[in-house]
Each structure stands twice: as C-alpha cells, then as structure tokens.
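A.B. asks: Each chain is listed here by its residues.
2 protein chains.
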Amino acid sequence: MLKVSIERCFERFADTFSPKIIGELNGQHVKVVRLEGDKVPWHTHDDQDELFWVLEGSLDVMERDQTVTLHPGELCIVQRGHEHRVVPNGHVKLILFEPAGIAHTGTVRAEITLDEYEWLEP
Amino acid sequence: MLKVSIERCFERFADTFSPKIIGELNGQHVKVVRLEGDKVPWHTHDDQDELFWVLEGSLDVMERDQTVTLHPGELCIVQRGHEHRVVPNGHVKLILFEPAGIAHTGTVRAEITLDEYEWLEP
Numbered sequence: 311m312l313k314v315s316i317e318r319c320f321e322r323f324a325d326t327f328s329p330k331i332i333g334e335l336n337g338q339h340v341k342v343v344r345l346e347g348d349k350v351p352w353h354t355h356d357d358q359d360e361l362f363w364v365l366e367g368s369l370d371v372m373e374r375d376q377t378v379t380l381h382p383g384e385l386c387i388v389q390r391g392h393e394h395r396v397v398p399n400g401h402v403k404l405i406l407f408e409p410a411g412i413a414h415t416g417t418v419r420a421e422i423t424l425d426e427y428e429w430l431e432p
Numbered sequence: 311m312l313k314v315s316i317e318r319c320f321e322r323f324a325d326t327f328s329p330k331i332i333g334e335l336n337g338q339h340v341k342v343v344r345l346e347g348d349k350v351p352w353h354t355h356d357d358q359d360e361l362f363w364v365l366e367g368s369l370d371v372m373e374r375d376q377t378v379t380l381h382p383g384e385l386c387i388v389q390r391g392h393e394h395r396v397v398p399n400g401h402v403k404l405i406l407f408e409p410a411g412i413a414h415t416g417t418v419r420a421e422i423t424l425d426e427y428e429w430l431e432p
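Quick mapping for you: the protein sequence lines, in order, are chains F and A.
FYI, in my numbering the residues of the first sequence are 311 to 432.
FYI, in my numbering the residues of the second sequence are 311 to 432.
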C-alpha cells in the first residue's frame, strides 16, 4: 500500500492544466491538477462522468444552462453527455476522479490538450 | 449539477461505521463515514479496489503484512484480493471511493455490517 499525501503531491509541480495521476482503482484515476486562467474549451465526454473537487481557490463548473461555483471542500459531478467547461477564479487546486483514459478536453483539441497524463509517484 | 459540501455532509450525521453515499459516477460511489472504535473485521473484496482518504483524525489501514497510518489529507488504495481492516485512532472522518454495491465488510458478517447504504442528498 502506498500512502499519498495530497499536499505533497501539489508541492511537486507548478504547471497548470496538466492533470497528474496519483492513484488508480477499478479502472478509474484519481488526479491532481492546478488551474489558472480561462483555457478550458467547451467539451463533452459521451461515456464518462467526471468529478471535480476543489481543495483551494474557487472554480466555476459550467454547463450550457447552469453554473456551479465550487469552493474548498466542495465537489460536483458532471454527467456523461453534458457539455461543460470549467473556469478557475484565481489559482485553483483541484482533485479529479474519472475513468482511466479519459480525454480531458473530450474530442476538442485546445492549447491545453494532453494525450497522456503523467503519473506522480508517491 | 449538484454541489456537495463535504463538511456539511458530515454535519448531518453522527453515527459511526455507516457509510453514506454522496455521489455516484461511472459505477462508483463516493461515500463519507465516521469511524470510532475497533470494530472492522478482517475482510477481502475479491473484485474491488477501495480508496481511503482521511479528512480528520488518523486511521491505521492494515493488511496482513503491513500497516499504513493515514493523517488528514492522506489517502491509500487497498487492492482487490488483499485482506485488510482499518482501525481509527480516536474519531475519524473518512472519504471512500469504491464500486457501487461493494459490501463494506466483504463476505464477513460483523456487528457493523450493513446491507444497504443511505444516500445523503445534498
């Protein structure tokens, strides 16, 4: 068993919009990511639900007909098929829980799009 | 989208060893649970990995050949097939990520065993 300190994970990187995997279970990944700036395009995951959990800062999670603003200790789930984007207010530390292999900007190619995610070894 | 405040979830119950579901995604549940006392029997989930994330207090996560002590902001994953138990040190607030339908004490029946989990509506 590996013990993972979330705070120590965040201390190990400074780049933004680049999710790092910190755990894998049941085909799902737990990831940490820093966000700053309005860079995430509208996109959809047809077959994957996605969980956003804010640890620091605040984050607008937007669907076309609603916006939820998450503060530290708050989470929400975007259901599969729902077009969405997220906009950080200032610098945000975020946890993601989502299926392994998910494309973080869906089928949309954007400046921030990555084809692979780095593993952050404990 | 429903916004879930983890802290408010914990304010809504006081019972221990009774995981409450606060979110569902991709066949997985996010649960909150309070633990106090040495009540969890050794058990195994043959086909399910299980994530433990401590928010308050400290928790010994034990496999037969190792123990990891988790403090607030720390998590670990017990892999499927690994016999384990957890022992809280004092009162512990814990997040669980695990497949929907998991039996929290595996195939072992114990005083704390529940057949269903309550949904904690936001």
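Worth flagging that the hints you see were computed from the coordinates, not collected in a lab.
It is possible that part of the hints are untrue.
Pairs count within a copy or across copies, as identical chains cannot be separated in the list.
Here are the computed lysine to any residue pairs in the SDA-like style, where the Cα-Cα straight-line distance is at most 25 angstroms [as the list claims (entries may be wrong)]: (1) Lys313 / Glu421; (2) Lys313 / Asp348; (3) Lys349 / Gly337; (4) Lys313 / Asp356; (5) Lys313 / Ala420; (6) Lys349 / Arg419; (7) Lys313 / Arg419; (8) Lys313 / Asp425.
Because the structure is a prediction, the values reported are computed rather than measured.
A.B. asks: State for each hint whether it applies.
C.D. replies: Going down the list of hints, with the structure as the test:
1. Lys313 / Glu421: For Lys313 and Glu421, neither the intra-copy (33 angstroms) nor the inter-copy (28 angstroms) Cα distance is at most 25 angstroms.
2. Lys313 / Asp348: Cα proximity of Lys313 and Asp348: across copies only (21 angstroms, versus 33 angstroms in one copy).
3. Lys349 / Gly337: The answer is neither: 28 angstroms in one copy and 30 angstroms across copies each exceed 25 angstroms.
4. Lys313 / Asp356: So Lys313 and Asp356 pass the 25 angstroms test across copies only (22 angstroms; inside, 33 angstroms).
5. Lys313 / Ala420: Classified as neither; 34 angstroms inside a copy, 27 angstroms across copies.
6. Lys349 / Arg419: within (12 angstroms within a copy, 50 angstroms between copies)
7. Lys313 / Arg419: Classified as neither; 35 angstroms inside a copy, 28 angstroms across copies.
8. Lys313 / Asp425: neither (27 angstroms within a copy, 29 angstroms between copies)
Hints 1, 3, 5, 7 and 8 from the list above are not met by this structure, while the remaining hints are.
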